Amino acid sequence: MSWIDVGAIEDVPPRGARVVRTPQGCVAVFRTAADEIFALEDRCPHKDGPLSQGIVHGSSVTCPLHNWVIDLATGQAQGADEGQVRTIALKVEAGRILLDLALLAARRAAA
Amino acid sequence: MNARRKPRLIVVGNGMAPGRALEQLFERAPDSYEVTIFNAEPRVNYDRIMLSPVLSGEKTFEEIVIHGDGWYADHGVTLYKGCRVTHIDRQARMVATEGGIAESYDKLLIATGSLPIIIPVPGHNLAGVLTYRDLDDVQAMLLMAQSRGNAVVIGGGLLGLEAAAGLRERGMQVTVLHLMPTLMERQLDPAAGHLLKQAVEARGIRVITEANTKAILGDKQVRAVALADGTEIPADLVVMAVGIRPNAVLAKDAGLEVKRGIVVGADMRTSDPDIFAVGECAEAHGQVFGLVAPLYDMANVVAAQLAGDAAAQFQPTATATKLKVTGINLFSAGDFADGKDREEIVLRDAARGIYKRLVLKDNRIVGTVLYGDTSDGAWFFDLLKRDTDVADMRETLIFGPRYAGGAQADPTAAVAALPDDAEICGCNGVCKGKITAAIDAQGLKSLDDVRARTKASASCGSCTGLVEQLLRIKLGDAYNPATVQPMCGCTGLGHDDVRRLIVAQQLKSIPELMQALEWKTSGGCAKCRPALNYYLLATWPGEYKDDSQSRYINERVHANIQKDGTYSVVPRMWGGVTSAKELRAIADVVDRFNIPTVKVTGGQRIDMLGVKKDDLPAVWAELNAAGLVSGHAYGKALRTVKTCVGSEWCRFGTQDSTGLGIKIEKFMWGSWTPAKVKMAVSGCPRNCAEATCKDVGVICVESGYDILFAGAAGLDIKGTETLGHVDNEPEVIEVIAALVQLYREQGRYLERIYKWAKRVGLDTIRQQVMADRERRAALYERFVYSQTFSQHDPWAERAKGHDAHEFAPLRDLSRLEAAE
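Note that the protein sequences, when read in sequence, are chains A and B. For the record, in the first sequence the residue sitting at position 69 is 69 according to the working numbering, with numbers rising by one throughout. For the record, in the second sequence the residue sitting at position 364 is 364 according to the working numbering, with numbers rising by one throughout.
Hints were generated in silico from the structure; no laboratory data involved. A couple of the hints might just be wrong.
[Said to hold, decoys possible] Once the Cα atoms are required to be at most 27 Å apart in a straight line, the calculated BS3-like pairs of lysine-lysine come out as:
id: 1; chain 1: B; residue 1: 563; chain 2: A; residue 2: 47
id: 2; chain 1: A; residue 1: 47; chain 2: B; residue 2: 612
id: 3; chain 1: B; residue 1: 527; chain 2: B; residue 2: 676
id: 4; chain 1: B; residue 1: 755; chain 2: B; residue 2: 445
id: 5; chain 1: B; residue 1: 666; chain 2: B; residue 2: 599
id: 6; chain 1: A; residue 1: 47; chain 2: B; residue 2: 755
id: 7; chain 1: A; residue 1: 47; chain 2: B; residue 2: 599
[To be verified] Just the calculated beta-carbon pair ranges, DEER-fashion:
id: 8; chain 1: A; residue 1: 35; chain 2: B; residue 2: 564; range: 28 to 38 Å
id: 9; chain 1: A; residue 1: 9; chain 2: B; residue 2: 203; range: 32 to 42 Å
id: 10; chain 1: A; residue 1: 35; chain 2: B; residue 2: 614; range: 39 to 49 Å
Model, not experiment: these values are computed from the prediction. From the three backbone atoms N, C-alpha and C, an ideal C-beta is built for every residue, glycine too.
Only chain A is shown next, with the shape it has when bound in the complex (with noise of 0.2 Å):
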């Protein structure tokens, strides 16, 4: 594990996201309207669309370009549509978010 620190939580809006970018790709971390906070890759399964652009509702999120709707903790698109987008791990501690990025430059080098 590798944790490094992207910003405070305060950072993000509630019900909203903010991006990090690697030399991956980009990450985008969601704060819920209860303050949870997920990463996931910033790619919708369907047509990499930037799911840190969309509309963040209870735990899910909805992709700008064509309106999936993809479970933040799992990662998981909801209803009749299939896919998954990679979740990366996190952990927030004193209000600083830290994210596990070696986890994603390892899962990409895999796939």
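Fit chain B to the given chain A structure using the hints.
What follows is chain B alone, placed relative to chain A:
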């Protein structure tokens, strides 16, 4: 006299009872009478029972109309609205009105209804003291409620409590004064009355029982109500709802027999056999009636008699009452006074707020009071009316039909078990067999179908659940109960209901709305949130704080997202006119930010495609410097006003179409609408600006301006409809702003103008925007007010740093090699 002429029937009054009588008459004996109605109220027949939902904002007047103008026309009925009959001359068989109209009759039907009782305390005639009887009263209350001041309702009966709940919903501080120790003592026993008092108080309504009103205080306008014990309660509005008395003056003056009401026989004829009386003004079998079911029974007898069925007789039966206050369930029927020969079965569940009481005599139900859970009301009432011996099921009777004589677990089974002659709709006297037969024979599919064909659940609506269960039993899965399409899976409410409830319940934020309207999801979804954000914004301009997280990304970052995640940027070009300076600024921006594609749009402006999100604020800052502002090409908002060159250059131009287009665009930009709005102004009927397929179009002609609307040229293609003709530019702008405001207030989110117009009707829009000058002016003013909050260039705000988090990554690790 022409021997073949139809006999003349004159009806005095146009309430629910005579409405029903005529309906039945036309069904039994079409075209047998030439009918004239004199209605003292200036309107058509409406469902008076539903005035309370209108007061609380849950329904509109249009929704409670029983017979629209078309119905009268279809049946050849002459309806005088706002025309009071002052005299009946029985010798000459004539009636005369206030306005000097005199008409002769062969048969006369008196349906003058009732008058609210006014307690003759000092001050009862001050301004601000109202009764609760008709739509005028409701409108007067709504007007007063705008002050959000204090209201005192005198009378804690059915009407008084409904009025109190409605006024509370409208934001007033409400006190109910009731003379008796418990509320609704005529329908409820003291225990249920007490539960009801708690429920009413839980809504923020103060209830004072054993309150004896001594005087109403004030100078010209009411100021307070004084009680006999010396208490003074401040009041800007006093509603007297202490009861009604039959309105029999006209009949008495005509020499007809009158006691409490107009005395009629079982055949509904008065002491003059050619004169009938029906409704609350009539006294039959020594009783007067106020609930709708017996009044409709009377109406059916009148119709039968008029159609020649001399055997038809009115027999009063037991009636049931339901309180129409959303969230309070209350049902009572029959006689529930204690008595030596009576027994009772009572079920109490205080934690769930449930109280059920059955009063039995000789093993038969004679009365029932249900509070909290009224779902078994119809079943108990059926047993009561049938005089059924309940000895065998007495053990489990109070638990309802699910447990009586077996274990029927689901409510549908209970309804399925009802006999065919069980009454489902008490208001309209419709039994189960009639509904199921109609579903079978006429292929009915929806609640609206059943209401239209059988009337079941079409009056007070309290049996709606039973009717729906019958549909479910008959149609199985083919029955889709959603007669109103819900907004989304998060709610059962449709767009119109939500909009109405936002106003009625003064809902001013998305969390508050979701709480009040019982949203099924914790945070809504991508469908409802943008819609709610728009509805709140349009309803409360200047008050509601826009929730950017509930907006689609394009409206959040004021640019259009493209398939690769980049954005396109379209500056406004007012009326499609640009300049060298603007074009130069665009060229510079394209060069500096390496914008890959520049394209001319269909709306006469320039689109820069492929802008990186991070670059947007800097791009906007440069465009702003040249005077270019956001074109809202991304929004549910005013897009473009396309123009031709008009009289300034064109040899055919009749008016300055370019100048007018610019004026309209400068006036209307920034306004949020349910869906995008595109406009155009053409300088002559050759129509080079293609105004005839826009949401709103103007065609200039020599004599002025033709205004068009409801065109489409996208998914659907549709020519515009004519809105009207006006003479000058200021009037063009006023009409268009009023039209757009009406659309902003009525349109469903994502519903374009042409769809909205189709739904509500072109004529109603023309009526409100063109014909009704007052209405137009009010709409225009609301538009102007809302514009004071919306005309800020969103690009300039963001170029200065607003919402900076939208345009910068949380952290950029792209140059960091996978560390540690």
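To see whether the hints hold, each was checked on the structure:
Proximity of residue 563 (chain B) to residue 47 (chain A) is assessed by CA-CA distance (about 8 Å); at most 27 Å being required, the pair is judged to hold. Only pairs whose Cα atoms come within 27 Å are accepted, and residue 47 (chain A) paired with residue 612 (chain B) is accepted, the gap being roughly 19 Å. For the proposed pair residue 527 (chain B) and residue 676 (chain B), the alpha carbon gap of about 17 Å is at most 27 Å, so the pair holds. Restraint check for residue 755 (chain B) and residue 445 (chain B): the C-alpha separation of about 25 Å stays at or below 27 Å, so the hint holds.
Between residue 666 (chain B) and residue 599 (chain B), the direct Cα distance comes to roughly 24 Å. Compliance with the 27 Å bound is thereby established for this hinted pair. A distance of roughly 31 Å separates the Cα atoms of residue 47 (chain A) and residue 755 (chain B); the hinted pair therefore is violated under the 27 Å criterion. Annotation: proposed proximity of residue 47 (chain A) to residue 599 (chain B) holds, straight-line Cα distance about 25 Å (limit 27 Å). Checking the proposed 28 to 38 Å range against residue 35 (chain A) and residue 564 (chain B) shows it holds: the Cβ atoms sit about 32 Å from each other.
Residue 9 (chain A) and residue 203 (chain B) have their C-beta atoms about 39 Å apart, which keeps the hinted 32 to 42 Å range intact. Against the hinted window of 39 to 49 Å, the Cβ-Cβ separation of residue 35 (chain A) and residue 614 (chain B) comes to about 27 Å, which falls outside the hint.
Consistency with the previously given hints fails for numbers 6 and 10, ordered from lowest to highest.
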